[in-house]
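Novice: Listed in order, the protein sequences are those of chains Z and E. Residues 1 to 144, numbered by our numbering, are exactly what the first sequence covers, in order. Residues 1001 to 1098, numbered by our numbering, are exactly what the second sequence covers, in order.
Just so you know, these hints were derived from the structure itself, not from any lab. Some hints here could point you the wrong way.
Here are the computed distance ranges between Cβ atoms for each label pair [said to hold, decoys possible]:
| hint | chain 1 | residue 1 | chain 2 | residue 2 | range |
| --- | --- | --- | --- | --- | --- |
| 1 | E | Met-1041 | Z | Val-36 | 36 to 42 Å |
| 2 | Z | Met-1 | E | Lys-1098 | 42 to 48 Å |
| 3 | E | Ser-1053 | Z | Thr-89 | 35 to 41 Å |
| 4 | E | Met-1041 | Z | Lys-130 | 47 to 53 Å |
| 5 | Z | Gly-74 | E | Ala-1072 | 48 to 54 Å |
| 6 | E | Ser-1008 | Z | Lys-130 | 46 to 52 Å |
| 7 | Z | Gly-75 | E | Phe-1006 | 42 to 48 Å |
| 8 | E | Pro-1083 | Z | Arg-14 | 23 to 29 Å |
| 9 | E | Pro-1083 | Z | Ser-142 | 21 to 27 Å |
The beta-carbon is built from N, C-alpha and C at its ideal position, and this holds for glycine as well.
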Amino acid sequence: MKANNLMKISFYSRSVNEGFARGALAAFLAQADPTVPELADVKTAVSEAVTNCIVHAYPDQVGLVYLTAALYDGGVIKITVADKGIGITDVNQAMQPMYTTGNPEERAGLGFAVMQSFMDKIKVTSKPGKGTRVVMTKTLQSRE
Amino acid sequence: MAKVSFTSSGDLLAAYLSGEIDHHSAQMLRQLIDAEISACMPMQLVLDFGNVSFMDSSGIGLILGRAKRMQAMEGSLVVQQAPDQIKKMLDLARVDYK
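Next up, chain E with everything else stripped away, as it sits in the complex:
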């Protein structure tokens, strides 16, 4: 089970992800995040992986898809708080994080 909750202030939208991100849950997360992007039109989207217990490459697809959306709006995307195992996946996919 994966979940996402949001906070937004000004031009920034933060999505706090939790649980297990795989192909099954990524579809639902994508829809929820995209709906929130459409509602808030942020300049920066923060994806927080602090409470994600598992992620396979479906999570990379989720990140890259949202990065493209933010680019199209001339905005940016930041990945933060990734646990070590998820950093390993991000490194493999050459996705930057802080």
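Excised from the complex, chain Z in its bound form:
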């Protein structure tokens, strides 16, 4: 299926760009007229995915984070967050709630659980040493 509209941005894995990614995404999604809770859900999921890139994909270096958002018929939005970082050896383990390789005192290990809960569908593919790709979709409720 071909997207009706699409945007791609890439930015350094600096934590200040977490807010930039949310803001850019929100500006693009405005044309799909999401409800306030829908937009908040998508922004939260993307914030989690981008934070994962910054904290986990590029732990000791700065690399590029690739954010793509596409709009389809029927209010379907598809968001891809990808990196060329260290990758995840065991994706299933990484997606377990409360699992984190970050500082357990400060990281809740909920990133993937939030993405799963706040979006309709999420698919994670990763290759150690090559990078990780998270694809998330959500259908906006139609507004009469």
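Starting from the structure of chain Z, add chain E where the hints point.
Specialist: Frame of chain Z; chain E shown alone:
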């Protein structure tokens, strides 16, 4: 941008959070709140989310980390005034609020 301001009376320290809480801003908020805990040594810490416009799971890490600190001092932590979207995150993480 996130901010925090404090009021304290007796054994109670209240931290009023505002703005967007993510991994970037949580680091700064954590330092400010921990410095205030060290200065006041409260028995109860209140985290007020009334003016928080966005929070991802970094905010949960912020809450749980402070809850552990308060527990270590035999004190307690209360989360209050969370907007609906933040309640959704708190529910997912099974964090109590009032």
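Novice: Are the hints correct? Go through all of them and say.
Specialist: Verification of the supplied hints:
no. : hint                               : result
1   : E:Met-1041 / Z:Val-36: 36 to 42 Å  : holds, 40 Å
2   : Z:Met-1 / E:Lys-1098: 42 to 48 Å   : holds, 46 Å
3   : E:Ser-1053 / Z:Thr-89: 35 to 41 Å  : holds, 36 Å
4   : E:Met-1041 / Z:Lys-130: 47 to 53 Å : holds, 49 Å
5   : Z:Gly-74 / E:Ala-1072: 48 to 54 Å  : holds, 51 Å
6   : E:Ser-1008 / Z:Lys-130: 46 to 52 Å : holds, 51 Å
7   : Z:Gly-75 / E:Phe-1006: 42 to 48 Å  : holds, 43 Å
8   : E:Pro-1083 / Z:Arg-14: 23 to 29 Å  : holds, 28 Å
9   : E:Pro-1083 / Z:Ser-142: 21 to 27 Å : holds, 25 Å
Violated hints for the displayed structure: none, as all numbered hints are satisfied.
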